[in-house]
Amino acid sequence: MSNRKWPLMLRNVLLLALALLFLIPFYISIVYSLKSREEITASGIRFPSVFHWENYSRAMEISNFGHALKNSSIVTLVVTVVLLIVCSMASYIIARNSRNRFYNSVYYVFLAAVLIPFQVIMLPLYINLKDWGLLNTLGGLSLALIAFQIPYNIFVMTGFIKSVPRDLEEAAYIDGAGAYRTFWSVIFPVLKPITSTTFILNALAAWNDFQTSLIVVQKEAVRTLPLTQFYFIGQYSVEVNLAFAAFTLSVIPVLIFYFAAQRYIIGGMMGGAVKG
Amino acid sequence: MALAKHRIKRELIKLSFLIPAVLFFVVIIVLPFVKGLSYSFTDWDGISESRNFIGFKNYSLLFQDHNLLKPLKNTLFFWVVTLIGTNGIGLMMALAVNGSGRFNRALRTVFFLPFVLSLVLVAFLWTYLYSEILYPYFGVKSLLGNPHTVMWGISIMAIWKDAGYCMVIYLAALQLVPAEYYEAAKVEGAGLFRRFISVTLPMIVPALTANITLLTGWGLKVFDYPMTATGGGPGNASETLAIYVYNYTFPYNQAGYGQAAAIMLLVLVFAITAVVAGLLRRKEVEM
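Chains as they are written, first to last, in my numbering: chain P, 1 to 276; chain X, 1 to 287.
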């Protein structure tokens, strides 16, 4: 081997080691989730001799997994779709009127709002939702999650739209199309690189949310996945295998989503992130 | 007249694009914010019908509360450690996998993987890694069980989760560095370190700014990790400001006081972010 290849080899070995460090937790969860409690004590992280699939069915049953999965799916769908429509429209009009004092100040209000800690509105929001009968409903949770994602979405999307040339929409206006038609048929499709990225980040935020759910949906019937896991872990912390089965179960949908959409996630973030 | 009417119509159509987003924002965030501000001047417990206006008493109590020091210290500790750790590791990973080819792409996918997990899951996973793996196999006592190390334990989880995110932002910036710059630096005899300082670093300052601003927000507002991993314990050794607010508002039923603490948290987040962003902007201009 030539002298020049050694550093490269070393680099690759180090990187593989680091990659392992990132993957080992997933390996451990799968192995633990498939063992009996006795076997975990006896053989630790070694590959299981018998697959105890029943851990999964028990974990699903005890943690009410199907129900939580349904709740999380509904909330995530509603939040992402509403944000996509509402924020792309608002960002477009803000980006195209950036010299207008009104639209510009709206933009800066959103920019500042990115920083607001949830705790500041936690109690008043809780009381409002209670008064409106929206506490412990998926609708109430969706509303709260939508509102908290709006500032970040507008910040990122407005930055992107400013770089979209105006020629396209001007041509449409000349052809006599109204503002709405121009937006939906000409502008919206061009925004795909940024909307697909924000869509994914919004989906992750809604799917993974903990602190808003902890306040808004405390009743078991409306709990989402992270909240269900939080309570499940609290109650079954001794039954490590069940806890890991519940963990693995809830990771699977996210991983499927991640591997299916990763071109948009990493690619999209690399494309749009720094410009904004 | 017709012209004015036409103009008004045009302005209304423009507004209609903005209104849905603003409506959500005002109803869910702005109005509750104003309401919350008014709570902070009362002695309300959060449940009963009556509440009395007590002026700035909650705020002056806050500044005298010695129990606030620990959460404040923990929050600042978490912010600084995760800011340095996540950025440092994220940048190193970005430099290492900045290239085309399958190997690099696969590594990027792996490094970003933890970012898609929920904070609850990450906290849960690491709690077990500390107690079930690191202790029996390596003899390292769980960092979470000891008041002196618990914040390190929590910071490590956060770095593991978010380093991949920083990596992606750095990669975005690195791809904009023209290859000729490196060639030119090489011709002039610049070593690896020299090239990093004078070619790479100036080009990734915007990414650095983005990451530092973001991690400042995340760090100062941290709630999920300590809440799930330790519940703020042992004792209050890992209590953060966000947990402090939560505890006073809900379990302790001192809503007025909790709300005042929340407002202070908001002021702290804005002040620190403004200072950090200001410093970074000055650096950007210098570069």
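Hints should not be assumed to be uniformly reliable.
[To be verified] Each computed DSBU-like pair below joins lysine-lysine, with the alpha-carbon atoms no more than 30 Å apart: (1) 73(X) - 141(X); (2) 130(P) - 35(X); (3) 70(P) - 130(P); (4) 5(X) - 162(P); (5) 9(X) - 70(X); (6) 73(X) - 57(X); (7) 73(X) - 283(X); (8) 70(P) - 192(P); (9) 57(X) - 70(X); (10) 162(P) - 35(X); (11) 141(X) - 70(X); (12) 9(X) - 162(P); (13) 130(P) - 57(X); (14) 35(X) - 9(X); (15) 186(X) - 283(X); (16) 141(X) - 162(P); (17) 283(X) - 192(P); (18) 219(P) - 130(P); (19) 5(P) - 73(X); (20) 35(X) - 5(X); (21) 219(P) - 9(X).
[Claimed, not checked] If the Cβ cut is set under 10 Å, some of the chain P residues that face chain X in the computed set are: (22) 89; (23) 92; (24) 207.
[Stated by the list, open to error] One side of the interface only, derived from the structure: several residues of chain X facing chain P at Cβ under 8 Å: (25) 65; (26) 217; (27) 221.
To be clear, the hints were calculated from the coordinates, so they are not data collected in a lab. Here the structure is a predicted model, which means the values were calculated and not measured. Think of the CB as a built atom: it goes at the ideal place given N, C-alpha and C, for glycine as much as any other residue.
Right, here's what the structure says about each hint:
1. Our distance criterion of 30 Å between C-alpha atoms is met by residue 73(X) and residue 141(X), whose separation comes to about 23 Å.
2. Restraint check: the Cα-Cα separation between residue 130(P) and residue 35(X) comes to about 15 Å, which is no more than 30 Å; the hinted pair holds.
3. Simply put, residue 70(P) and residue 130(P) have alpha-carbon atoms about 23 Å apart, close enough for the 30 Å limit, and the pair holds.
4. With a CA separation close to 29 Å, the supplied pair residue 5(X) and residue 162(P) stays within the 30 Å bound.
5. Taking the CA atoms of residue 9(X) and residue 70(X), the gap is about 57 Å. The hint is violated against a cut of 30 Å.
6. Note on residue 73(X) and residue 57(X): the hinted pairing holds, with a Cα-Cα distance of about 23 Å set against a maximum of 30 Å.
7. Using a Cα cut-off of 30 Å, the hinted pair residue 73(X) and residue 283(X) holds, with the two alpha carbons roughly 27 Å apart.
8. About 28 Å separates the Cα atoms of residue 70(P) and residue 192(P), which keeps this hinted pair within 30 Å; it holds.
9. Only pairs whose Cα atoms come within 30 Å are accepted, and residue 57(X) paired with residue 70(X) is accepted, the gap being roughly 21 Å.
10. Simply put, residue 162(P) and residue 35(X) have alpha-carbon atoms about 35 Å apart, too far for the 30 Å limit, and the pair is violated.
11. For a cut-off of 30 Å, the pair hint linking residue 141(X) to residue 70(X) stands: about 23 Å separates their Cα positions.
12. Using a Cα cut-off of 30 Å, the hinted pair residue 9(X) and residue 162(P) holds, with the two alpha carbons roughly 24 Å apart.
13. For the hint pairing residue 130(P) with residue 57(X), the CA-to-CA distance comes to about 28 Å; that is within 30 Å, so the pair holds.
14. With a CA separation close to 35 Å, the supplied pair residue 35(X) and residue 9(X) exceeds the 30 Å bound.
15. Only pairs whose Cα atoms come within 30 Å are accepted, and residue 186(X) paired with residue 283(X) is accepted, the gap being roughly 26 Å.
16. Taken as a hint, the residue 141(X) and residue 162(P) pair is broken in the structure, with Cα atoms around 53 Å apart against an allowance of 30 Å.
17. As the CA atoms of residue 283(X) and residue 192(P) are separated by approximately 33 Å, the hinted pair breaks the 30 Å bound.
18. The straight-line distance between the Cα atoms of residue 219(P) and residue 130(P) is roughly 13 Å, inside the 30 Å bound, and the hint therefore holds.
19. Using a Cα cut-off of 30 Å, the hinted pair residue 5(P) and residue 73(X) is violated, with the two alpha carbons roughly 48 Å apart.
20. With a CA separation close to 38 Å, the supplied pair residue 35(X) and residue 5(X) exceeds the 30 Å bound.
21. A C-alpha spacing of about 47 Å is found between residue 219(P) and residue 9(X), which places the hinted pair above 30 Å, so the restraint is violated.
22. Interface restraint check for residue 89(P): the shortest CB-CB distance to chain X comes to about 4 Å, inside 10 Å, so the restraint holds.
23. Evaluation of the residue 92(P) hint against chain X yields a held restraint, the C-beta minimum of about 6 Å falling below 10 Å.
24. Look at residue 207(P): its Cβ gets to within about 7 Å of chain X, closer than 10 Å, so that hint holds up.
25. Because the beta carbon of residue 65(X) sits about 16 Å from the nearest beta carbon in chain P, more than 8 Å, this interface hint is broken.
26. This hint holds: residue 217(X) has a C-beta 6 Å from the nearest C-beta of chain P, less than the 8 Å allowed.
27. Restraint check, residue 221(X) versus chain P: the minimum CB separation of about 5 Å is within 8 Å; hint holds.
Of the numbered hints given earlier, the model fails hints 5, 10, 14, 16, 17, 19, 20, 21, 25; all others are met.
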